[in-house]
Amino acid sequence: MKKVSVIAAAVAATLTAGSAFAAAVDFHGYARGGVGLSGEGSHVTYEKNKVGRLGNEDDLYAELGLNAELYNQNDVTFKLESLVAYGQAGNNNWEGNANALRVMNVQAQGLFSDKEAVLWAGQRYYQRKDIHITDFYFLDTSGGAGGGIENLTVGGGKLSLALMHDDGSQGDETVSGYTFDARYAGIDLWENANLELALAYDFASEAEGQTVAADDGVLLTAVIGQGLDNGFNQTVLQYGTASYGKQMATYGGGGWYDRSGDGNNDADGFRIINWGVIGAGENWEIGHTVMYSQASDTDVGDITAYNAVVRPMYKWDDNMKTYFEAGYFADETKQSGTTTDASGSKLTIAQAWSAGSGFWARPEIRVYGSYFMDHEADSFANNTDDTEFSVGIQMEAWW
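If you want the numbering used here, it's the position in the sequence shown, counting the first as 1, plus 887.
No wet-lab data here; the hints were simulated from the structure.
Please note: incorrect hints may appear among the correct ones.
Here are the in silico distance ranges between beta carbons for each label pair [as the list claims (entries may be wrong)]:
hint: 1; residue 1: Glu-982; residue 2: Trp-1286; range: 18 to 28 Å
hint: 2; residue 1: His-1262; residue 2: Ala-911; range: 50 to 60 Å
hint: 3; residue 1: Trp-1286; residue 2: Met-1207; range: 12 to 22 Å
hint: 4; residue 1: Ser-1056; residue 2: Gly-1034; range: 18 to 28 Å
Straight-line C-alpha distance at most 20 Å; calculated PhoX-like pairs for lysine-lysine [said to hold, decoys possible]:
hint: 5; residue 1: Lys-966; residue 2: Lys-1002
hint: 6; residue 1: Lys-1016; residue 2: Lys-935
hint: 7; residue 1: Lys-1045; residue 2: Lys-1016
hint: 8; residue 1: Lys-1045; residue 2: Lys-1002
Glycine included, each C-beta is placed from N, C-alpha and C at the ideal position.
Start from the sequences and build out the full structure, keeping to the hints where you can.
Written out as structure tokens, the structure is:
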């Protein structure tokens, strides 16, 4: 029998296996897009991760995901997870292709005595942690293809272990890199509080005759979550070495490990983040984030960085709300006796209509005005002005 006939027969046998094949499909995703104008003509954006994303995004971006449960029998399930990302400027009806397959993996549950444990292999967004109002992923080790096991019951918490590709480059050479990721979540602290611990270790596998200049790095993370009657709060503590050390003060999250040279081999750094969303009365909700970080002995010197963003929201009714967002950041870099400062801020007001009244209700359409200030340089109007104002309309959706 020809190979293709063997495959066809196997597929046909699977399709006729009754309850062993399930066709439950989950369509999910994220999208944003809109139009804006400013004094310099184009839609202005400025340090989104530092001063806040509201009224500060100029792209058309979408993530479209399809998940399918391919097998469900005797409490064992196999699920296929996929997602394609699309990003463009959104300035024309037909633009160049910028698609990327970001997720493609299989997850199996129920194979072991611990029925909540999940065995997986492929490529995925791996347990990413972000602050929505700044679109900042403070922990994201998602790399190339990998595999692991997650949600293992150990003691009073859940253990997850993974190994993923994270290749880099050194001159014209490719460096085979890997990230080992270990998580332990669900550690109960006090009432409505829990702790999650994470360790990421990025290491290289040298090819024959190759010497990798960049040292391996370790990133340690602790996330303390506090549930509130009217919201939540998280405190994040992180420490990194080598390239991870530099990332602590340059808004990295554990991905894109720098293997280009030895400039960060002596680096280390830390950061402290507090963020959350809280209700204030019947009509107000307030989101915030505050971060302070330092990194020493990086390839650009010693870095100190901090930022703060607050986003109050007033609900007029079940579908209409008004947002305010204010953000500020400051960076200081010292190298060879020279100090370089950077700082800026943003103010935004937006009127929005959404599918529900809550802070997280989407889809949402908003009109906005934003005022940007660069306190140390001229970042606007072709680098001739230190302030700029923009107005626009944007949609945002997740499902």
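Query raised in the report: What hint numbers does the structure not satisfy?
Result: none
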